[in-house]
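A.B. asks: Protein chains in written order, with the working numbering: chain Y, 1 to 155; chain W, 1 to 155.
Everything labelled a hint here was simulated from the structure, so no lab data went into it. Hints may contain errors.
Just so you know, same-sequence chains aren't split out, so a pair can sit in one copy or run between any two.
[As the list claims (entries may be wrong)] Once the Cα atoms are required to be at most 25 Å apart in a straight line, the calculated SDA-like pairs of lysine to any residue come out as: (1) K126 - D89; (2) K117 - Y39; (3) K117 - P83; (4) K22 - D129; (5) K88 - L59; (6) K67 - A37; (7) K42 - N54; (8) K85 - T114.
These numbers were taken from a predicted model, which means no experiment stands behind them.
Below are the chains, spelled out letter by letter.
2 protein chains.
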Amino acid sequence: MISQTTEYALRAVVWLAANPEKPLTAQQIAEATRVPAGYLAKVLQGLSRAGLLNSQRGLGGGFTLAKAPSAMTMWEVVQAVDPLKRIKDCPLGFEAHAGALCLLHQQVDDAIATIEKQFSSCKISKLIDPNHAAAPLCAYQPKGSKTGSSRRSRR
Amino acid sequence: MISQTTEYALRAVVWLAANPEKPLTAQQIAEATRVPAGYLAKVLQGLSRAGLLNSQRGLGGGFTLAKAPSAMTMWEVVQAVDPLKRIKDCPLGFEAHAGALCLLHQQVDDAIATIEKQFSSCKISKLIDPNHAAAPLCAYQPKGSKTGSSRRSRR
Numbered sequence: 001m002i003s004q005t006t007e008y009a010l011r012a013v014v015w016l017a018a019n020p021e022k023p024l025t026a027q028q029i030a031e032a033t034r035v036p037a038g039y040l041a042k043v044l045q046g047l048s049r050a051g052l053l054n055s056q057r058g059l060g061g062g063f064t065l066a067k068a069p070s071a072m073t074m075w076e077v078v079q080a081v082d083p084l085k086r087i088k089d090c091p092l093g094f095e096a097h098a099g100a101l102c103l104l105h106q107q108v109d110d111a112i113a114t115i116e117k118q119f120s121s122c123k124i125s126k127l128i129d130p131n132h133a134a135a136p137l138c139a140y141q142p143k144g145s146k147t148g149s150s151r152r153s154r155r
Numbered sequence: 001m002i003s004q005t006t007e008y009a010l011r012a013v014v015w016l017a018a019n020p021e022k023p024l025t026a027q028q029i030a031e032a033t034r035v036p037a038g039y040l041a042k043v044l045q046g047l048s049r050a051g052l053l054n055s056q057r058g059l060g061g062g063f064t065l066a067k068a069p070s071a072m073t074m075w076e077v078v079q080a081v082d083p084l085k086r087i088k089d090c091p092l093g094f095e096a097h098a099g100a101l102c103l104l105h106q107q108v109d110d111a112i113a114t115i116e117k118q119f120s121s122c123k124i125s126k127l128i129d130p131n132h133a134a135a136p137l138c139a140y141q142p143k144g145s146k147t148g149s150s151r152r153s154r155r
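Turn these sequences into a full structure, and let the hints guide you.
C.D. replies: Next up, the structure:
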């Protein structure tokens, strides 16, 4: 229902939200979110262009969220990389439907509207609630760490 | 949100539901629904394999719905050609999430569940309500007809 690109963008944003201590490189995010590095680089570019990420070049550089997780919604992320488009005009181009969608396309548009409403009301901060049974992408263990859990417990 | 394949399948099913008088050829359906004929042929095969269409060879043959529009739902059509899959296990393959999805994937699964509910409760018969302002694919005029409306007014 959401595209692969959107899925990857959401993973990256959630990971950055959960790890705000310092900028993360594309390679670090790719590894943590299990996304092919080349693919993720393009997704991160899209998120940056849309103003959702800041990128910083050079040593110690990388990506950070451009605003607080409590000020960013799932819907913004979806729309930044692979937007779900509401149906405003007849997809078949019928002039007779310009004023009123047929019932099929009304149903499909209603479904998109429902998703828009759900994702718009879901802040990224909600997705990193440390009290939830499964922490965001929690099984990731940075290379060289022994447990990967020390980072989690600090949140 | 729904794929191109699903959109085309829904158009074909709605058109067949609205025109039950006789079998329609793939070419006739393609023309009416404004779908490339080669693409539609594959979609119709998928719908037939899923048991939603009957196909009849030979002169006067073509496709018909395999059951009444009041006994077929939008969800069945979606699932027949390009299924929306509920998320049961962590898409990243994390064992720690086997018992509980992280909040991101829970949100995405909730959205799919909502669409499943909406489309499951929508019968195809609802999509061809003749009293709706825009009849299904209503601007279609069969070749050789002058108005294209005589067919509509018989419904």
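A.B. asks: The structure should be examined with respect to each hint, and the outcome stated for every one.
C.D. replies: Each hint, compared with the structure:
| no. | hint | in the structure |
| --- | --- | --- |
| 1 | K126 - D89 | between (34 Å within a copy, 20 Å between copies) |
| 2 | K117 - Y39 | neither (28 Å within a copy, 33 Å between copies) |
| 3 | K117 - P83 | both (14 Å within a copy, 23 Å between copies) |
| 4 | K22 - D129 | within (20 Å within a copy, 58 Å between copies) |
| 5 | K88 - L59 | neither (47 Å within a copy, 40 Å between copies) |
| 6 | K67 - A37 | within (24 Å within a copy, 48 Å between copies) |
| 7 | K42 - N54 | within (14 Å within a copy, 45 Å between copies) |
| 8 | K85 - T114 | both (12 Å within a copy, 18 Å between copies) |
Hints 2 and 5 from the earlier list are contradicted by this structure; the remaining hints agree with it.
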